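A.B. asks: Sequence:
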Amino acid sequence: MSQHDMISQAWDLSQAIEVAAVGGNWPLAARLAETRSPLLTALAAEQSPDALATIRKIQSSIAAVTQAAEIAQTALVANHRRSMERANAAGLYQQASRF
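Numbering (the UniProt record's numbering), first residue to last: 1 to 99.
Rather than coming from a laboratory, the hints here were simulated on the basis of the structure. Here the structure is a predicted model, which is why all the values come from computation and not from measurement. Any given hint could turn out to be false.
[What the hints assert, rightly or not] Capping the alpha-carbon separation at 20 Å, the derived lysine to aspartate or glutamate pairs in EDC-like fashion look like this: (1) Lys57 with Glu46; (2) Lys57 with Asp5; (3) Lys57 with Glu18; (4) Lys57 with Glu34; (5) Lys57 with Glu85.
Given these sequences and hints, build the entire structure.
C.D. replies: Structure, rendered in structure tokens:
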């Protein structure tokens, strides 16, 4: 596969990852990122100006999706914590109601 083809495919995957992330489909985003990773690591250091522009777009996409993933993870952890606290409170109520 040519460098141009790899960059093009990596960009297409980056766009698909963004769509998956916006939709909250993190398992799909992760699978797509795993598919994209070998393409990025196989790129040669020397690239044309057009290729470098696309690579910069890919880097920006990665940064944006990483930030979105961090925000989503924080929200999920907070939600999980609140759910555990409510479950614990319900358990305490059940114990107290037995007396």
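A.B. asks: Which earlier hints turn out false for this structure, listed by number in ascending order?
C.D. replies: Hint 5 alone not satisfied by this model.
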